[in-house]
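Undergrad: Take each chain as given, in its own frame, and dock them per the hints.
Here is what each chain is made of, one letter per residue.
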Amino acid sequence: MSNEELSGLIEAVGLRRDRAAFTTLFRYIAPRFKAFAMSKGCAHAEAEELVQEAMIAIWRRASTFDRSKSAASTWMFTIVRNKRIDRLRRERYPTAEFDEAVQQPADLPDPGQSMDAARAGESVRDALRTLPAEQLLVLEKAFFEDKSHSAIADELGIPLGTVKSRIRLALTRLRGESMEAFA
Amino acid sequence: MIRHHPALDLLFDHATGSLPEAVSLAVATHVATCPSCCRIVAETEAVGGAMMQNLPPIDIADETLKAVLARIDEPDLASAAPSEHTAEAIERSIVPPVLRPYLGATFDDLPWRPVANLFEEAKLPSFSDTHRVSILRARRGGFVPMHGHGGQECLAVLNGGFRCTDDVFESGDFTACDSSTQHEPIVDTHDECVCLLVLDASLRFAGTYERDLDPIFQM
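Protein chains in written order, with this note's numbering: chain A, 1 to 183; chain B, 1001 to 1219.
Calculated directly from the structure, the hints in this document are not laboratory data. A portion of the hints provided could be inaccurate.
Said to hold, decoys possible - Just the calculated beta-carbon pair ranges, DEER-fashion:
| hint | chain 1 | residue 1 | chain 2 | residue 2 | range |
| --- | --- | --- | --- | --- | --- |
| 1 | A | S68 | B | K1123 | 18 to 28 Å |
| 2 | B | E1210 | A | T162 | 35 to 45 Å |
| 3 | A | L137 | B | R1113 | 41 to 51 Å |
| 4 | B | K1123 | A | I158 | 47 to 57 Å |
| 5 | B | A1070 | A | L136 | 37 to 47 Å |
| 6 | B | D1214 | A | T162 | 32 to 42 Å |
| 7 | B | P1101 | A | R17 | 43 to 53 Å |
Unchecked claim - Which residues of chain B face chain A? A few of them, derived with a C-beta cut under 8 Å, are:
| hint | residue |
| --- | --- |
| 8 | D1009 |
| 9 | G1017 |
| 10 | L1019 |
| 11 | S1024 |
| 12 | P1035 |
| 13 | A1046 |
| 14 | G1048 |
| 15 | A1050 |
| 16 | M1052 |
| 17 | L1055 |
| 18 | A1061 |
| 19 | D1062 |
| 20 | R1113 |
Think of the CB as a built atom: it goes at the ideal place given N, C-alpha and C, for glycine as much as any other residue.
Chain B with its partners taken away, still in its complex shape (with noise of 0.2 Å):
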């Protein structure tokens, strides 16, 4: 069941396209398997679809209908089969077809990452310039430590679950954090979490952790 759901605002803002491409990957994994936000979604572009065909149209130059009827006979390259590589996580079932594209390898051979033994990280490549887009996995009694937000934080749980504090976030789930945010997530409610987080700026962890932790969560 899931009980954590993207804000409003955020629904919205991914529907009209408004937001960074590696921010909407988030509210999108989560859309994938959330039929509420879904519709919400849905609801939001049939808005965006009137609006578009309320707009005043502006002449097309007769060539551009010639141009068009000449490549439509072209083969499509852009949707080529989908790699192989993401044939085993379409087995495991727990990355939506939406994410698959974005991995670049099977599940199992993402560059997987320890952190500290706590959890392990594997950063997907495609973002490096303005967010850092990982997948985290962690076993019961991983957790990450007590830490603060430089910026915005997005998470949508792939698979298993974690706590922090009173709330418990399960597979589907999704949750926004913010620069106002400390908090310390653990896996003591599931036998492992596996899920997609994304930032747009580096983590601050506080005490002991500090000097191990920090270099690595840096953007």
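Excised from the complex, chain A in its bound form (with noise of 0.2 Å):
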């Protein structure tokens, strides 16, 4: 399903509270919430139960999804990765909205405006099957794994300075131009 229709969803459930949406949206996300959430260890009732919070979540929080400013597979990610935190870790993710109220007077304009959301998240899915083994590995190891930097050098065995031009090199090509402070 494309980032369009996920936010068409998205957007149904945020501002009618429409079940039929949100039932279609759980068949398409929801497998792939629980593959996330094992890929990390889980076994399969643990994995559901961390579904139903993610799933919960989405219905709860769909009225501040905005297109304009991330995709909707960004949203879902970040709900997904902050109840998996606060299911296996026990702490809490801390989520910043860059915050207008405390932003400096010399500072830059919103974040959100210099790239079309939906239509990056789709360049990055077919970027992502062009990427050298190597450097997949390595961000399959820091988003599903929640590993840093020198936990995945430790476990691949390989220097601190590797994991880092690999993920820099990986980054570059997924976001292409827009990616330029990883360049």
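TA: Okay, here's the thing in structure tokens:
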């Protein structure tokens, strides 16, 4: 399902409490949430509980989703990431939204304006298929097993600098021009 | 103008969720005021979203969908109205929303403790096991005497600023250092400095302050 379609479903839930749209969204994303939970080592039963918590959070927060700010897949990733940290580590995840109330006067415009979020989400998915295996492996350790740079270096028995360069190469390739910071 | 940012590694590890909560809090406090770092975190999360979407789906029990549909109309207890305690901090506008729930009191009612008449520290309660998380504040002339670090230190400036040899850190800036760093930050470029400090090991003070301050900054 494309990010356009996913955005439409989340908006239907947010605006109209649309249960049919929510069920369609569930059938698509919940099995991926479950795969995400199990990639960190959750057993089936615990993974399904985590899926429940994440889907309920999506129902409750759907009205805060803004397709101009983030792709639907990005928004849902942050929800399931936070639920997994909450459940497995008993910690909260401090989610910062860029806060204009404390913005410095000389700062740049809204960070969301510079890219078309949904289209960027699709191009990342396509680019992932072309990534060298060694770069993909490092990203999987980071996102699926929530391992830090140093934990990945320890596990793979490679220098920290190699982990850093693989991650930067991967991100530069995935985000193209928009990921200048990692170039 | 923000000049000092977290390393890209730290922003990336924050976005994947691999940092301990205390360190993530310091990074998030900076990200809340920094559009360019906010964008880097958002772009990294977009990679996470795409990778999650590409995962081979694993079948879900029908009962799970039924259970969710039965639960979505329950009242949402977790998102109760924000505590009134934070009203004053919001008024002061120096504590970004991500940090507010961790204070548990108004800014002025935090458990402020003077340290050797040089600065004040208020330790935040939630992190007693693994990290020492504090708000430090000092007026012009205040300083933290020369010290080394037993581990990693992260600092986000909330208001005012301080100087460390030739570097000046101001509201919104972030800095991290490890056991290889010795320094003596001083508030002499601004009238005051308020910052969030996250430590995963004790500070080690040198010289005459050793006896007075070492026991205070134990974990």
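Undergrad: Are the hints correct? Go through all of them and say.
TA: Now for the hints, and whether the structure bears them out:
no. : hint                         : verdict
1   : A:S68 / B:K1123: 18 to 28 Å  : violated, 40 Å
2   : B:E1210 / A:T162: 35 to 45 Å : holds, 40 Å
3   : A:L137 / B:R1113: 41 to 51 Å : holds, 47 Å
4   : B:K1123 / A:I158: 47 to 57 Å : violated, 38 Å
5   : B:A1070 / A:L136: 37 to 47 Å : holds, 39 Å
6   : B:D1214 / A:T162: 32 to 42 Å : holds, 38 Å
7   : B:P1101 / A:R17: 43 to 53 Å  : violated, 27 Å
8   : D1009                        : holds, 5 Å
9   : G1017                        : holds, 5 Å
10  : L1019                        : holds, 7 Å
11  : S1024                        : holds, 5 Å
12  : P1035                        : holds, 4 Å
13  : A1046                        : holds, 4 Å
14  : G1048                        : holds, 4 Å
15  : A1050                        : holds, 4 Å
16  : M1052                        : holds, 5 Å
17  : L1055                        : holds, 4 Å
18  : A1061                        : holds, 6 Å
19  : D1062                        : violated, 11 Å
20  : R1113                        : violated, 24 Å
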